[in-house]
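K.L.:
If you want the building blocks of each chain, they are given just below.
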Amino acid sequence: MDWLTEQIQLQKEQATTYEEQAFYTALQQASDELALRIEQRQGELDGRIWNATNW
Amino acid sequence: MVIISHPEIETSMVQNFLKASVAPLEDITWHHLDAIDTLDVAAEQALLREHERIVFQFPLYWYAAPASLKAWLDTVLTGQFAFNGRQPLAGKTLGIVVSTGTAAKHFQAGGSEQVTLSEILRPYELVARKLGMVYLPPLTIHQLGYWQETDKQHLVIDYQRYLTQAQFNFDQKLAWFETMLIKKAAEATSPKAQQRITLLSEQLSDKRSELTDLNWQVQLIREEEGEG
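Residue numbers (this note's numbering), protein chains in the order written: chain A, 38 to 92; chain B, 3 to 230.
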């Protein structure tokens, strides 16, 4: 589990209201999507930089 | 400002859920039309001028809003107000929050309703256009009673964002979460909690910048390779 997820889960566990719990649930989803997009962009960047046809 | 048209709001699960969802937010005007006996046109128009985001919220009755919204539109949007060449609401945003007792899958081409919600809600889109307003993609809530708990939690936040987020792209979504975290940090009861939430906000902000930077680099290489 990465640091961000760990912290979000911690905040969610300590949430005292329904709305606060909902906030950290939604934040976790946004954070997951952010991590996925970063991974995809890094993958694309690596793939394009190591494009043999440009060598 | 949320303008609600609902003749039985007290017993509506959807309306009660939505109202509870925005309880922690400040600056939301909750305007229930059915509770008003006689519309004060000048006061209603003043409310419209004061708010940047106007949201019509209602259950779908016979493919339209309940009567109170139509009465409000016909009474408040007078020719003098809307068409005297000044466009007092130009640049503001108009959103729709609509609930139905029918599953989403029926509102599509080939579905049993044979119509999409975008088509049904088209009159409001046209009103927005006539007034020079920006029309937001509607927030639709189908059969809330059947939703799973996690989906309901997401609705709380989707609804809060619908009322308060500046623009609806991923970057602005993250920016909205950051703003809320900063607010939560300020309201935190202990210095330790405050520090944790602030760190969370900073980390999210760093990752958002990282994505922006990566997007820019990828775009640059795509252009170099002739893909634009």
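Mixed in with the good hints there might be a few duds.
Claimed, not checked - In silico DSBU-like pairs for lysine-lysine, Cα to Cα no more than 30 angstroms straight-line: (1) K175/B <-> K107/B; (2) K72/B <-> K49/A; (3) K186/B <-> K49/A.
If you're looking for bench data, these hints aren't it; they were derived computationally from the structure.
K.L.:
Please name the hints from earlier in the document that this structure breaks, with their numbers sorted from lowest to highest.
P.N.:
2
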